[in-house]
Each structure stands twice: as structure tokens, then as C-alpha cells.
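Trainee: Sequence:
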Amino acid sequence: MCGIWNILVHTPDLWSTCCNLRIFKRQMIPAQLYQNKRGGKWIIKKTLLLKPDQELEHKYVSSFLSLIIHMLLGQIGFEELICGTEFLVRPSGLKWTVWIEDSSNMDKIVLVNDRLKELFEGTEVDKIEFYHHEGTLLTIPNFKQYQSKPKQSTDKSFYWFLRKKRQKKKKGHPD
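Using this note's numbering, you'd call the opening residue of the sequence shown number 1307 and step up by one each time.
Calculated from the structure, these hints are not laboratory results.
For every residue, glycine included, the Cβ atom is placed at its ideal position computed from N, Cα and C.
Treat each hint with caution, since some may be false.
Cross-link-like lysine-lysine pairs, in silico, BS3-like; alpha carbons within 30 Å at most [unchecked claim]: (1) K1351 <-> K1423; (2) K1423 <-> K1433; (3) K1352 <-> K1401; (4) K1365 <-> K1433; (5) K1433 <-> K1357; (6) K1365 <-> K1401; (7) K1433 <-> K1351; (8) K1365 <-> K1423; (9) K1414 <-> K1357; (10) K1433 <-> K1401; (11) K1352 <-> K1433; (12) K1351 <-> K1365; (13) K1433 <-> K1414; (14) K1423 <-> K1357; (15) K1357 <-> K1401; (16) K1414 <-> K1351; (17) K1365 <-> K1414; (18) K1401 <-> K1351; (19) K1414 <-> K1401; (20) K1365 <-> K1352; (21) K1414 <-> K1352; (22) K1423 <-> K1401.
Pairwise CB distance ranges (calculated) [claimed, not checked]: (23) D1413 <-> L1355: 33 to 39 Å; (24) D1420 <-> P1358: 35 to 41 Å; (25) K1433 <-> E1386: 24 to 30 Å.
Take the sequences, apply the hints, and build the full model.
Mentor: Rendered as C-alpha cells:
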């Protein structure tokens, strides 16, 4: 875990445009597992116009690292429901997501929503929304988000899955 953390903190080229960083509980990929079909995810969006090879501001990376720390230390709430998180960097902006196993308890969804709002307060995000895995956006009065129901998870360990897409340079295109 320490080795991965050092890479995240000290590698600026890791955060280039078109990259994904996903962190999930061991053997959990929420949208692909049958037992998570009733789950959902929060999507936190920040619109930015990023040029290729433009360095990402530290506050955005810090907010993702802070989210990871809060999840690992149990500060978000209902961690037994949380499958993992991801950070997506695109030329049009940034997305942070938090995945849950089951989206059937509105009270828990609202509570986690409030914690996420507090956590991302200094990041000036555009919106926080909750979607079911089926892709339906659910709304909460004065907020966009929704539900969750506890399922006991016996394995609290997390594994790292990093997928990075690099923009392909066109042949003959001057740099």
C-alpha cells in the first residue's frame, strides 16, 4: 500500500488527461458483479478545459487522496456499503465517483451525500449526483443523490487497479 501511495503522491505524469484510477475492495468491481446489481454510485463533477500534457492542479489530486483516506478510516459513513472509488481525468473535466453495493436506503444515501459535500467543499465542484447501476439519476430535495442498504463485507482490504489511456499522436503531426 505504501508503494502505491508514494506513486500517487510523487508522480505528476500519472495525472495526465485521459486517465482513470480505481480503488475497490478486494475482488469487487461493482458494475460487473451480480450481487451489486442493485448498487449505485455518486458522481462528483468539475468542468475544466485541460490541454494534453497539462499538469493537474494539486487541489484536485489532494481531494481524491483525501477521499481515499476518509474511506479507509471510516469517516464517510456506512463503509460496509462502499465498494470503492475512482478518479477520472478527461480533457473536458474531472470526475470522482464513490460506488456502493446496494442503493435501497435513502437515509444512508443522504448522509453519505452530505459527507461528500463537506469533503469536496474546497474543490468547487459543479455538482454531486447519485446514479443507480442501471443508469437512472435519482434526486434528493435540494441535492442530487440517493440510496443504500448494508451488506456485510468481511474483507476490508483494498486493491489498486490503474488503467491509463494516453492520447495517440497522429503520424506526421508536428509536436
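Trainee: Take the hints in turn and mark each one as holding or not.
Mentor: Hints, verified against the model:
1. K1351 <-> K1423: holds (12 Å)
2. K1423 <-> K1433: Measuring from Cα to Cα gives roughly 9 Å; hence the hint holds.
3. K1352 <-> K1401: Holds, at about 6 Å.
4. K1365 <-> K1433: Within the cut-off at roughly 17 Å; holds.
5. K1433 <-> K1357: Holds. K1433 to K1357 sits at ~22 Å (cutoff 30 Å).
6. K1365 <-> K1401: holds (14 Å)
7. K1433 <-> K1351: Given that 30 Å is the threshold and the Cα spacing comes to 6 Å, the pair holds.
8. K1365 <-> K1423: holds (15 Å)
9. K1414 <-> K1357: violated (38 Å)
10. K1433 <-> K1401: holds (10 Å)
11. K1352 <-> K1433: holds (7 Å)
12. K1351 <-> K1365: holds (14 Å)
13. K1433 <-> K1414: holds (19 Å)
14. K1423 <-> K1357: Holds. K1423 to K1357 sits at ~28 Å (cutoff 30 Å).
15. K1357 <-> K1401: At roughly 16 Å apart (the allowed maximum being 30 Å), K1401 and K1357 satisfy the hint.
16. K1414 <-> K1351: Satisfied, since the Cα-Cα distance of roughly 21 Å is no more than 30 Å.
17. K1365 <-> K1414: Holds, because 28 Å separates the two Cα atoms, which is no more than 30 Å.
18. K1401 <-> K1351: holds (5 Å)
19. K1414 <-> K1401: Between K1414 and K1401 the Cα gap is close to 22 Å, so the pair holds against 30 Å.
20. K1365 <-> K1352: Holds. K1365 to K1352 sits at ~12 Å (cutoff 30 Å).
21. K1414 <-> K1352: With a Cα-Cα distance of about 24 Å, the restraint between K1414 and K1352 holds, given a limit of 30 Å.
22. K1423 <-> K1401: holds (14 Å)
23. D1413 <-> L1355: 33 to 39 Å: holds (38 Å)
24. D1420 <-> P1358: 35 to 41 Å: holds (36 Å)
25. K1433 <-> E1386: 24 to 30 Å: holds (27 Å)
In summary, the structure is inconsistent with hint 9 from the numbered list given earlier, while agreeing with all the others.
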